[in-house]
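Participant: Each chain is listed here by its residues.
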Amino acid sequence: KAGVTQTPRYLIKTRGQQVTLSCSPISGHRSVSWYQQTPGQGLQFLFEYFSETQRNKGNFPGRFSGRQFSNSRSEMNVSTLELGDSALYLCASRGSDTQYFGPGTRLTVL
Amino acid sequence: AQRVTQPEKLLSVFKGAPVELKCNYSYSGSPELFWYVQYSRQRLQLLLRHISRESIKGFTADLNKGETSFHLKKPFAQEEDSAMYYCALSKDSGYSTLTFGKGTMLLVSP
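These protein sequence lines are chains A and B, in that order.
By our numbering, the letter at position 58 of the first sequence is numbered 58, and the numbering carries on one by one without gaps.
By our numbering, the letter at position 4 of the second sequence is numbered 1004, and the numbering carries on one by one without gaps.
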């Protein structure tokens, strides 16, 4: 089985811009979760989608949003980027035993 | 709210020495506990979960509900064990949302 894939792998944006990240889960997995990883805060849960519906949400401002498509692919969007949004954004799809993580998208905000 | 604490940012040992990476959690319910590992330039991957009570790559972890701990142990460290280790908690068996500790870097020297 192919693993979780994320595109793009690297992204550079400037403050105030918006960005969209994409995640394709493992085939057959219907749940997709997003995490933000930073040196200071570590791994923090953003949100989870299941069958195109947001099922759980972490403690992030409304600038962070996401969606899931009928094929389970998911996107997350960050609007009005701030310097502090620079991070590695990880996507994970849930199997029967745990979550499987993608390689991440490294977002740098200048 | 649930919380996971890994008190050591860095643990440095010599090859062949015993290793214990500490993890404490706070959660009022019955959580599922996991250890994830991230080797250099690789994606985050599951090492083991408490419910399976298995040993992976020589590592074991026992859930101590009284002390709310889930420490990771290995009797004889190997150089290839050098990696970042994250303890994680899920509130339910759905594993949809993981709360991570900030991680411990394990360095095994020859």
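Hints in this document: simulated from the structure, not taken from any laboratory.
Mixed in with the good hints there might be a few duds.
Every beta carbon over 10 Å from chain B, so not counted as near; a handful from chain A, in silico [to be verified]:
#1 Ala2
#2 Ser31
#3 Leu43
#4 Glu48
#5 Arg55
#6 Ser79
#7 Leu81
#8 Glu82
#9 Leu83
#10 Gly84
#11 Leu90
#12 Asp97
#13 Thr98
#14 Gln99
#15 Pro103
Facing chain B, a subset of chain A residues (Cβ under 8 Å, in silico) [what the hints assert, rightly or not]:
#16 Pro8
#17 His29
#18 Thr38
#19 Gly42
#20 Phe60
#21 Phe64
#22 Arg94
Restricting the straight-line Cα-Cα distance to at most 25 Å, the calculated cross-link-like pairs of lysine-lysine (BS3-like) are [claimed, not checked]:
#23 Lys1022/B x Lys1102/B
#24 Lys57/A x Lys1015/B
#25 Lys57/A x Lys1091/B
Bear in mind the structure is a predicted one, so any value in this text is a computation, not a measurement.
We put the beta carbon where it would ideally sit given N, CA and C, even for glycine.
Participant: Please list, smallest to largest, the hint numbers that this structure does not respect.
Facilitator: Checked against the structure, the hints that fail are numbers 2, 3, 4, 5, 11, 12, 13, 14, 15, 16, 17, 18, 20, 21, 24, while the rest are satisfied.
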